[in-house]
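Student: Here is how the chains run, residue by residue.
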Amino acid sequence: MPYLTAAQIETEMTTLQTSAPALCTKTALPNATASEGIGPTTYSFLKIANGSGAGRVTVLAVAGMHAREWAQPDSVISFARKLLAAYRGNSPFVIPAYTDAAGSTHGPVSVPAAKIKRMVDELDILLVPCANPDGRAFTQAAVANAGWRKNRAPRPAGGADATVGVDPNRNFDIAWDYDVFYSAAFAATTSTGGLSASKDPADDRFIGKPQPAPNQTHPASEPEVRNLIWILDNHPVTYSIDLHSYSMLAMHPWGIEQNGTVASQNFRDPALNGARDGTLGTAYSEYFPNTPPTSLLDRHRLIVGSIRDKVRDATGRTYTVGGIADTIYPATGSFTDFHFSRQFTIAASPPIHAFAMEFGDAADHFQPAYGDPHRFPKIEREVHAALLALLDGALAPAVSTGTGGGTKWCIVTIAVTQLAAGNGWLQTLRDGRGALLACDRTRAAMVTIDDAYRSLSASIGPHVVERRWAQRAIAYGLVAPAAAITSVALKWRSR
Amino acid sequence: MSLPAYAIVEILCDPAKLNALTAIPNLEIDTRPIRTNDPAVVRVGARADAAAQTAARALGCTVTEVKSAETYRAELEENYRELGKDGGN
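Taken in sequence, the protein lines are chains A and B. With the working numbering, you'll find the first sequence wraps up at 497, consecutive numbering, no jumps. With the working numbering, you'll find the second sequence wraps up at 92, consecutive numbering, no jumps.
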């Protein structure tokens, strides 16, 4: 079986909508592509949800922004298919066991039917399987095009073949004009392995052409980019993940800078233009709030940690986690930073959580062999694991996440956030809770426990979050033993 | 247009050598320089033919072949053949 073409991805989305019209909606994006020698192409996104109304959390997954990265779009389509099948069948979502080349078996990873039901009932799940359809079509047209990364925006007059296209993931409105944003010294590192962006149309990190005057410093020149912004403008997305390859990384913002703790150091202050030092120094670092009750940085760390753990459970590979600028490279104009930044530029925005992944390693490369069980099927498992972990994270806000995600304190999550074993304990407790909620005999008891726990968390959460000794006491005195007992109970139940 | 005999390689390199690295014929940078624990060394993913690998080593870079040219070529051709495209082009 081959990789899907961009056109087949559209067909697959239609099929999914037809198979479950009450749960799955395909919507055409408003901006057709404007490419050289192909298109204009209109393409779509999927929404999977049971129900509607206020209070739902919206999660967005984007794949295929870079043309040559073939595995993620196919994996998102198969994820949608499996999610809908599990929901409709009241069955778990199972990532099949994977036996690696050394003979070790990992998984299977199973997300209980009760959890899948919550995901579809409580979340609006938006999927953009192929964010750069003309780029994908170009790479799939001939082997010689296999390495193409950008879209297929028309080349400048008289330009060489390499000057076709813009990197969509450098075209968003966040530090887009890096010569303005940074110090001259850091901006100059685009050619020496520092900043990953370029104003050279022949570079595969080309940020895009300046718009006609008077908007010549405006980004978002590309229809593919404006379509993603349209989604954010028209849906209250508070969780997003941008799926790329390769380098085995699970990341959170910031990409434009190292993360900092000084509130006055932020991308919004034009007085700092020309003075930001990027990764050349630490005099400037981009502010990443982490104060209670949102504890935004801790929450991002928790979720990338759970993604790493779920991926490891599925295939045995351990991805590196961290901020984009710290783990891969500093980059401007990325979707993840842009989405994250909107909570600071839009009045009364709820907290926003944004993530980016780089799936696979050099041996997997950009187009892992489709039929080789150690290539595409392995990446597909990892994409599914990451998406399931993100959806799970969106279901279980740790502390206040504003109007978009409830206003609950969760002392258990606060207590274990900094602990390496914490994600595992939390997952075990969530699985146990899900099992109790799924059983008619125990559901009422679990609801009562939930209510009591929420009441307790609301009363002591503000105190726990400021006292490390209290966090440790809860982690080791309550959470760890409860997770151990729950684990035994779940094993006994599954016999 | 046929492709050079690219292998998949990982290159550990002094950031100061990156400009020279990108100028090597038949060396295509796939993943831009990623930091390592050593601030004086970055990791680059690339496709490179044998001559390009030799040129990179001559710059002082460490080049590790992750996938041979033959294997990479075979995998690519298989993917394109399944798409109904000529794997040789």
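These are calculated hints, taken from the structure and not from any lab test. Just to be clear, a hint being listed does not mean it is correct.
Here are the simulated lysine to aspartate or glutamate pairs, EDC-like style, with alpha carbons at most 20 angstroms apart [as the list claims (entries may be wrong)]:
| id | chain 1 | residue 1 | chain 2 | residue 2 |
| --- | --- | --- | --- | --- |
| 1 | B | K70 | A | D235 |
| 2 | B | K70 | A | D102 |
| 3 | B | K20 | B | D52 |
| 4 | B | K20 | A | D205 |
| 5 | B | K20 | B | E31 |
| 6 | B | K88 | B | E68 |
| 7 | B | K70 | B | E13 |
| 8 | B | K70 | A | D363 |
| 9 | A | K49 | A | E124 |
| 10 | A | K49 | A | E12 |
| 11 | A | K201 | B | E31 |
| 12 | A | K493 | A | D374 |
| 13 | A | K201 | A | D179 |
| 14 | A | K84 | A | E12 |
| 15 | A | K28 | A | D363 |
Each pair of labels, with its calculated beta carbon distance range [stated by the list, open to error]:
| id | chain 1 | residue 1 | chain 2 | residue 2 | range |
| --- | --- | --- | --- | --- | --- |
| 16 | B | T39 | A | A24 | 36 to 44 angstroms |
| 17 | B | T39 | A | V490 | 26 to 34 angstroms |
| 18 | B | A53 | A | G324 | 46 to 54 angstroms |
| 19 | B | T39 | A | W232 | 46 to 54 angstroms |
| 20 | B | T74 | A | I487 | 29 to 37 angstroms |
| 21 | A | T101 | B | P42 | 51 to 59 angstroms |
| 22 | B | T39 | A | H220 | 33 to 41 angstroms |
| 23 | B | A43 | A | T444 | 54 to 62 angstroms |
| 24 | B | S71 | A | T107 | 43 to 51 angstroms |
| 25 | A | A349 | B | T74 | 27 to 35 angstroms |
| 26 | A | R443 | B | D41 | 57 to 65 angstroms |
| 27 | B | E68 | A | A99 | 42 to 50 angstroms |
A quick note: this is a predicted structure, and the numbers were derived from the prediction, not measured. In this text, a Cβ means the ideal position worked out from N, Cα and C, and glycines have one as well.
Student: Compare the structure with each hint and give your call.
Tutor: To see whether the hints hold, each was checked on the structure:
1. B:K70 <-> A:D235: violated, 43 angstroms
2. B:K70 <-> A:D102: Distance of about 17 angstroms is within 20 angstroms: holds.
3. B:K20 <-> B:D52: holds, 19 angstroms
4. B:K20 <-> A:D205: Holds, at roughly 18 angstroms.
5. B:K20 <-> B:E31: holds, 15 angstroms
6. B:K88 <-> B:E68: Violated, because 27 angstroms separates the two Cα atoms, which is more than 20 angstroms.
7. B:K70 <-> B:E13: Roughly 10 angstroms between the alpha carbons, so the hint for B:K70 and B:E13 holds.
8. B:K70 <-> A:D363: holds, 11 angstroms
9. A:K49 <-> A:E124: holds, 13 angstroms
10. A:K49 <-> A:E12: Roughly 14 angstroms separates the two Cα atoms, so the pair holds.
11. A:K201 <-> B:E31: holds, 19 angstroms
12. A:K493 <-> A:D374: Given pair A:K493, A:D374 is violated - Cα atoms ~33 angstroms apart, limit 20 angstroms.
13. A:K201 <-> A:D179: holds, 9 angstroms
14. A:K84 <-> A:E12: holds, 17 angstroms
15. A:K28 <-> A:D363: violated, 32 angstroms
16. B:T39 <-> A:A24: 36 to 44 angstroms: violated, 50 angstroms
17. B:T39 <-> A:V490: 26 to 34 angstroms: Roughly 42 angstroms apart at Cβ, these two residues miss the hinted range, so it is violated.
18. B:A53 <-> A:G324: 46 to 54 angstroms: violated, 35 angstroms
19. B:T39 <-> A:W232: 46 to 54 angstroms: violated, 39 angstroms
20. B:T74 <-> A:I487: 29 to 37 angstroms: violated, 49 angstroms
21. A:T101 <-> B:P42: 51 to 59 angstroms: Cβ of A:T101 to Cβ of B:P42: about 38 angstroms, so the range 51 to 59 angstroms is violated.
22. B:T39 <-> A:H220: 33 to 41 angstroms: holds, 36 angstroms
23. B:A43 <-> A:T444: 54 to 62 angstroms: With a Cβ separation near 58 angstroms, B:A43 and A:T444 satisfy 54 to 62 angstroms, so the hint holds.
24. B:S71 <-> A:T107: 43 to 51 angstroms: This hint is violated: roughly 28 angstroms between Cβ atoms.
25. A:A349 <-> B:T74: 27 to 35 angstroms: For A:A349 and B:T74 the Cβ distance comes to about 54 angstroms; the hint is violated.
26. A:R443 <-> B:D41: 57 to 65 angstroms: holds, 58 angstroms
27. B:E68 <-> A:A99: 42 to 50 angstroms: At roughly 31 angstroms between Cβ atoms, A:A99 and B:E68 fall outside 42 to 50 angstroms, so the hint is violated.
The earlier numbered hints that this structure contradicts are 1, 6, 12, 15, 16, 17, 18, 19, 20, 21, 24, 25, 27.
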